[in-house]
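Chains as they are written, first to last, in the working numbering: chain A, 1052 to 1115; chain B, 13 to 292.
Think of the hints as simulated: they come from the structure by calculation, not from any bench.
For lysine to aspartate or glutamate, the following EDC-like pairs were computed, each having C-alpha atoms within a straight-line distance of at most 16 Å:
#: 1; chain 1: B; residue 1: 102; chain 2: A; residue 2: 1094
#: 2; chain 1: B; residue 1: 102; chain 2: A; residue 2: 1097
#: 3; chain 1: B; residue 1: 59; chain 2: A; residue 2: 1060
#: 4; chain 1: B; residue 1: 102; chain 2: A; residue 2: 1096
#: 5; chain 1: B; residue 1: 59; chain 2: A; residue 2: 1062
Everything numeric in this text was worked out from a predicted model, so none of it was measured.
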Amino acid sequence: MQFWTILTEPDTTAIVGFVVGIAAMIFWMLREARRNDALIDADREDEIYDRMNRWVFGDEDEPR
Amino acid sequence: MHVWPYLTRLELLALIATLALLTVWSIVIDAPLEAPADPAHTPAVSKAPWYFVGLQELLVYFDPWIAGVVLPGLIILGLMLLPYLDPNVKGSGYYTLSQRWFAVSTFVFAFVVLWIGPILVGTFLRGPGWHLFWPWEAWDVQQVSPIPNRDLHEWIALLPASLGLAPDGGFAGGWQTFFSRPGVGVALGLTVLGLFYALGLRYFGHLVGVQGRIVQLLWGRNLGLASFSPRSFRAELGRRRYYIAGFFYVTMLGLMLKIVLRLVFHIQYIVRIPWIDANV
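Turn these sequences into a full structure, and let the hints guide you.
What follows is the structure in structure tokens.
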């Protein structure tokens, strides 16, 4: 069986999806880390939690 | 920080979305079951479910008791010990590489290269007879050829001959006879293994420093390595944590090295003690 055949057969749908998911998570993690690191470099470390909390609260101002 | 109700609400929504996605998926896509087993037709290669293919791939490099029992056990034990081994309090609740470069880069390497990597190799590059086929090669049952796997001492015994020195008589002959002895093989293998762990633990901090430099190079941002030294690393961890973390770190490196030795030099075992089934 050829490589491309096995790459696209239903048997390997799960693993291809899994790899894409892992790559996306690592990319997202590194992108967030880069932005947080920039805040650390700029001595604005206290803003990091606000940034990360946007994923939970959205951009609106929630009571803290 | 509000966990309740904001985070829990979001988690509930994520749970419902995942459940809906899996429900639709399982209705739309049939499970990839093959035809009932046929005694007249043996498949050219039998593969484990995809999430176990990585462990099946490790069987190429290690004895079953190592690949199937010791290594998974060490992974679980190591993950359980992580909170107790990590003295770094930074990076809690947010992503950062500059404050947690060692933890993040070690995890990404171990997960992607040592866990996902074997799954991908086992799924996509292993053909009939579990032989390695590159993507551009056809999975031809007729074309497989046995790979001459040797143990470390046999590989060393044959080294002069493979360098072009005549194996009959003289230095090369004596060398080959000496290193071909099983007793010499066991002593050599145990020495190499012992030295690997001793040196690895002794220079654990140095290895971490090298890793930091590689991460800094790839990341393109200053990680504050000027304040890092193997001595301060060891002092920060304390003696017990240093050696426990070092053991897992060196074992991880050893696993990768063993895979390289097997694939590049066709070396099967570093030490082979068959009468107690201890082949490493």
